[in-house]
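Asker: If you want the building blocks of each chain, they are given just below.
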Amino acid sequence: MAVAARAVGFGLPVAVLTAWVLTRYRFPGRPLLSALVHLPLVLPPVVTGWLLLIIFGIRGPIGSLLHDWFGIRLVFTTAGASLAAGVMAFPVMVRAIRLSLEAADPGLEQAARTLGAGRLDRLFNVTLPLASPGILVGGLVAYATCLGEFGAVITFAANIPGETQTLPLAIYTALQVPGGEAKAAELSLVSITLAVVGLLLSEWIGKRLNTALGR
Amino acid sequence: MSLAIRLRHGFPSTRLEIDFAVPSPGVTVLFGPSGAGKSTTIAVAAGLLRPDACRVEVDGQVLADTDSGVWLPPERRRVGLVFQDARLFPHMSVATNLRFGMRRAPAGPVRFDEVVELLGVRALLTRRPHTLSGGERQRVAIGRALLAQPRLLLMDEPLASLDAARKAEILPYLARLKTALRLPVIYVTHALDEASRLADSMVLIEAGRVLGCGTLPEIAARADLPLAQRDDAGALLLCQVAEHDPGRELTRLEGGGASFWVPLMDAKLRSECRIRIPAREVILASRPPDAISLHNVVPGTVRRIVAQAARRSVVVEIALPSGALLARVTPDAIIRLGLSPGGPVLALIKSTSIEVLGAE
Numbered sequence: 008m009a010v011a012a013r014a015v016g017f018g019l020p021v022a023v024l025t026a027w028v029l030t031r032y033r034f035p036g037r038p039l040l041s042a043l044v045h046l047p048l049v050l051p052p053v054v055t056g057w058l059l060l061i062i063f064g065i066r067g068p069i070g071s072l073l074h075d076w077f078g079i080r081l082v083f084t085t086a087g088a089s090l091a092a093g094v095m096a097f098p099v100m101v102r103a104i105r106l107s108l109e110a111a112d113p114g115l116e117q118a119a120r121t122l123g124a125g126r127l128d129r130l131f132n133v134t135l136p137l138a139s140p141g142i143l144v145g146g147l148v149a150y151a152t153c154l155g156e157f158g159a160v161i162t163f164a165a166n167i168p169g170e171t172q173t174l175p176l177a178i179y180t181a182l183q184v185p186g187g188e189a190k191a192a193e194l195s196l197v198s199i200t201l202a203v204v205g206l207l208l209s210e211w212i213g214k215r216l217n218t219a220l221g222r
Numbered sequence: 009m010s011l012a013i014r015l016r017h018g019f020p021s022t023r024l025e026i027d028f029a030v031p032s033p034g035v036t037v038l039f040g041p042s043g044a045g046k047s048t049t050i051a052v053a054a055g056l057l058r059p060d061a062c063r064v065e066v067d068g069q070v071l072a073d074t075d076s077g078v079w080l081p082p083e084r085r086r087v088g089l090v091f092q093d094a095r096l097f098p099h100m101s102v103a104t105n106l107r108f109g110m111r112r113a114p115a116g117p118v119r120f121d122e123v124v125e126l127l128g129v130r131a132l133l134t135r136r137p138h139t140l141s142g143g144e145r146q147r148v149a150i151g152r153a154l155l156a157q158p159r160l161l162l163m164d165e166p167l168a169s170l171d172a173a174r175k176a177e178i179l180p181y182l183a184r185l186k187t188a189l190r191l192p193v194i195y196v197t198h199a200l201d202e203a204s205r206l207a208d209s210m211v212l213i214e215a216g217r218v219l220g221c222g223t224l225p226e227i228a229a230r231a232d233l234p235l236a237q238r239d240d241a242g243a244l245l246l247c248q249v250a251e252h253d254p255g256r257e258l259t260r261l262e263g264g265g266a267s268f269w270v271p272l273m274d275a276k277l278r279s280e281c282r283i284r285i286p287a288r289e290v291i292l293a294s295r296p297p298d299a300i301s302l303h304n305v306v307p308g309t310v311r312r313i314v315a316q317a318a319r320r321s322v323v324v325e326i327a328l329p330s331g332a333l334l335a336r337v338t339p340d341a342i343i344r345l346g347l348s349p350g351g352p353v354l355a356l357i358k359s360t361s362i363e364v365l366g367a368e
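Heads up: the protein sequence lines correspond to chains A and B, in order.
Each residue of the first sequence is one higher than the last, beginning at 8 in this note's numbering.
Each residue of the second sequence is one higher than the last, beginning at 9 in this note's numbering.
The set of hints was computed from the structure by calculation and includes no laboratory data.
From a predicted model like this one, the values you see are computed outputs, not experimental measurements.
Incorrect hints may appear among the rest.
[What the hints assert, rightly or not] Anything over 12 Å on all C-beta distances counts as not near chain A; from chain B, calculated:
1. 29
2. 33
3. 70
4. 93
5. 104
6. 201
7. 217
8. 222
9. 237
10. 262
11. 295
12. 312
13. 330
14. 342
[Said to hold, decoys possible] Only part of the chain B face toward chain A is listed, based on derived beta-carbon distances under 7 Å:
15. 98
16. 99
17. 251
[Unchecked claim] The calculated SDA-like cross-link candidates involving lysine to any residue, where the alpha carbons are at most 20 Å apart (straight line), are:
18. 214(A) <-> 99(B)
19. 214(A) <-> 98(B)
20. 214(A) <-> 101(B)
21. 214(A) <-> 139(B)
22. 214(A) <-> 138(B)
23. 190(A) <-> 200(A)
24. 214(A) <-> 100(B)
Glycine is no exception: its CB is placed at the ideal position from the N, C-alpha and C atoms.
Modelling step: build the complete structure from the supplied sequences, incorporating the hints.
Answerer: This is the structure:
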């Protein structure tokens with residue numbers, strides 16, 4: 008759960024930024040960026056995990072820098088599991104946020120401009136509040152995706168109980184042990200409860216936000 | 009001081025060449041059919057649209073000039089814009105909406121309480137935009153633009169999306185603003201009643217060109233402009249209340265160098281008002297009639313006679329000592345009276361057909 012929380016916590020601001028750039032600006036590399044963002048959605052998760060391993064591994068181009076300069080090791084750690092889960096959930100977040108940004112009325116941004124609001128001012132005081140229901144839904148769905156992440160996490164961060172073990176990994180491990188069905192059932196129940204509570208919560212908050220926005 | 013806008017812009021299907029200069033402060037109405045280029049002109053003045061070439065100057069300050077490469081972005085122009093659809097921020101209360109521009113502007117002469125009073129929005133301050141009526145929303149939008157301390161206020165058909173009742177509700181507020189704030193205002197509309205009521209200057213735009221530009225009385229009384237083609241064409245005069253005659257239940261107004269009797273008004277002596285005299289209500293004569301109910305026999309000189317073939321009628325522009333009247337008559341009447349440009353004529357106007365537009 009901590010893995011998922013961290014993944015969403017770090018991933019969401021980046022996702023908001025990416026979504027904003029993708030909706031508001033037309034630039035040469037835009038289709039490429041869009042494709043890159045959506046890649047984890049279509050690639051087999053194991054491949055994503057393996058790519059992460061290559062890039063962020065201790066001998067990888069970014070991983071070696073992090074390790075040599077800051078002494079940070081991502082592979083086989085909780086942070087690494089978060090990274091893997093975050094990358095997998097990233098397209099989900101960007102998609103939801105992008106939809107809500109596109110739905111936000113550009114006329115309101117124009118109005119804010121004529122009232123003296125600069126670019127960042129408009130983003131934080133007009134656009135993001137208007138898109139807040141979408142950002143919330145994106146975050147929650149991404150959280151659920153992270154909780155259920157299996158392939159990329161096991162490839163990149165392995166399956167270390169208490170450190171990089173996500174719920175499905177724990178369930179899978181329990182099933183491998185003779186007599187572990189009871190524990191698996193228990194964990195599955197936790198998983199189901201989390202999912203239902205999460206969905207209800209997002210529904211409720213979304214409704215409140217929309218009322219506040221007068222929709 | 010003055011306000012000057014010049015712009016040239018090519019759209020895929022039309023070309024726009026607008027050029028006008030009007031006095032400031034004052035309300036300038038951009039008048040013309042939809043698609044004429046009025047809204048484009050507004051967008052350029054606000055900085056939301058960058059045309060092929062333009063120059064926007066307000067009271068000596070150049071906001072844009074393509075020749076010298078000046079282009080202030082909208083957020084640095086301090087040009088207020090009131091949109092047709094209000095565009096209030098839905099996630100903020102009315103008060104926060106009103107303060108949005110104020111918090112981002114340097115201190116200026118427009119005070120929060122003054123605007124709230126002027127627009128009558130005190131009771132709405134804690135409400136959310138979606139709970140307001142169309143007229144209330146538009147009032148808040150006007151207040152929000154004013155509080156940003158603009159050096160120029162643009163209004164893009166602010167009343168077009170409202171029904172007649174809401175419109176009648178807002179017009180007095182606008183008339184009050186006009187006198188309370190010394191500000192150049194550009195007001196876009198294709199409703200003649202709004203223009204007659206609010207305009208000091210008028211710029212007629214059609215098919216991307218300026219057909220005429222001048223004070224409202226000048227433009228309204230030009231028989232050669234498309235305004236005179238309208239069913240409701242009519243001259244407009246700025247008048248002063250000269251005399252009340254409670255016994256006869258009449259008021260005498262002076263304007264355009266002539267006198268007009270109208271039904272008794274509830275207004276102070278010497279106070280100002282506007283009157284509109286519809287062209288179709290004006291009768292022409294070469295001799296003063298006797299034994300007639302009419303009060304107003306106004307002598308003038310024929311300036312222009314413009315035929316309107318489609319209507320089988322003629323519009324006559326009659327010069328007064330300062331100002332002009334319009335009369336729509338039949339071609340036969342012109343022949344019978346022997347009217348020609350430069351000749352004298354009498355305009356007969358019923359007191360009850362003179363429209364007195366809100367005393368200011």
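Asker: Give a verdict on every hint.
Answerer: Here is what the structure says about each hint:
Its beta-carbon lying about 23 Å from the closest one in chain A, residue 29(B) satisfies the requirement of being farther than 12 Å from that chain. A cut-off of 12 Å between C-beta atoms confirms that residue 33(B) is not in contact with chain A; the least separation is 19 Å. In this structure residue 70(B) is separated from chain A by more than 12 Å, as the shortest Cβ-Cβ distance comes to about 18 Å. Not every Cβ of chain A is farther than 12 Å from the Cβ of residue 93(B); the closest lies at roughly 7 Å, contradicting the non-interface assignment.
Residue placement check: residue 104(B) does not keep its beta carbon more than 12 Å from all beta carbons of chain A (closest about 10 Å). Its beta-carbon lying about 27 Å from the closest one in chain A, residue 201(B) satisfies the requirement of being farther than 12 Å from that chain. With a minimum CB-CB distance of about 26 Å to chain A, residue 217(B) clears the 12 Å threshold, and the non-interface call stands. The Cβ of residue 222(B) lies farther than 12 Å from every Cβ of chain A, with a closest approach of about 28 Å, so its non-interface assignment holds.
Non-interface call for residue 237(B) relative to chain A: holds, since the shortest CB-CB distance, roughly 35 Å, exceeds 12 Å. Listed as outside the interface, residue 262(B) is consistent with that label: its C-beta sits roughly 42 Å from the nearest C-beta of chain A, beyond the 12 Å cut-off. The non-interface label for residue 295(B) is consistent with chain A: the shortest C-beta to C-beta separation is roughly 59 Å, beyond 12 Å. At roughly 42 Å, the least C-beta separation between residue 312(B) and chain A is larger than 12 Å, which holds for a residue marked as non-interface.
Distance to chain A confirms residue 330(B) as a non-interface residue, since its nearest Cβ pair spans about 39 Å, more than 12 Å. Against chain A, the non-interface label of residue 342(B) holds: every CB pair exceeds 12 Å, the least being about 51 Å. The interface hint given for residue 98(B) holds, since its Cβ lies 4 Å from the closest Cβ of chain A, which is under the 7 Å cut-off. At its closest, the beta carbon of residue 99(B) sits 5 Å from a beta carbon of chain A; the interface hint therefore holds under the 7 Å criterion.
Below 7 Å, beta-carbon pairs count as interface contacts, and residue 251(B) has none with chain A, the closest being about 47 Å; its hint is therefore violated. As the CA atoms of residue 214(A) and residue 99(B) are separated by approximately 14 Å, the hinted pair is consistent with the 20 Å bound. This hinted pair checks out: residue 214(A) and residue 98(B) have alpha carbons roughly 15 Å apart, not beyond 20 Å. This hinted pair checks out: residue 214(A) and residue 101(B) have alpha carbons roughly 19 Å apart, not beyond 20 Å.
Only pairs whose Cα atoms come within 20 Å are accepted, and residue 214(A) paired with residue 139(B) is accepted, the gap being roughly 17 Å. Of the pairs offered as hints, the one joining residue 214(A) and residue 138(B) holds, with about 16 Å between alpha carbons and a cut-off of 20 Å not exceeded. Using a Cα cut-off of 20 Å, the hinted pair residue 190(A) and residue 200(A) holds, with the two alpha carbons roughly 15 Å apart. The straight-line distance between the Cα atoms of residue 214(A) and residue 100(B) is roughly 17 Å, inside the 20 Å bound, and the hint therefore holds.
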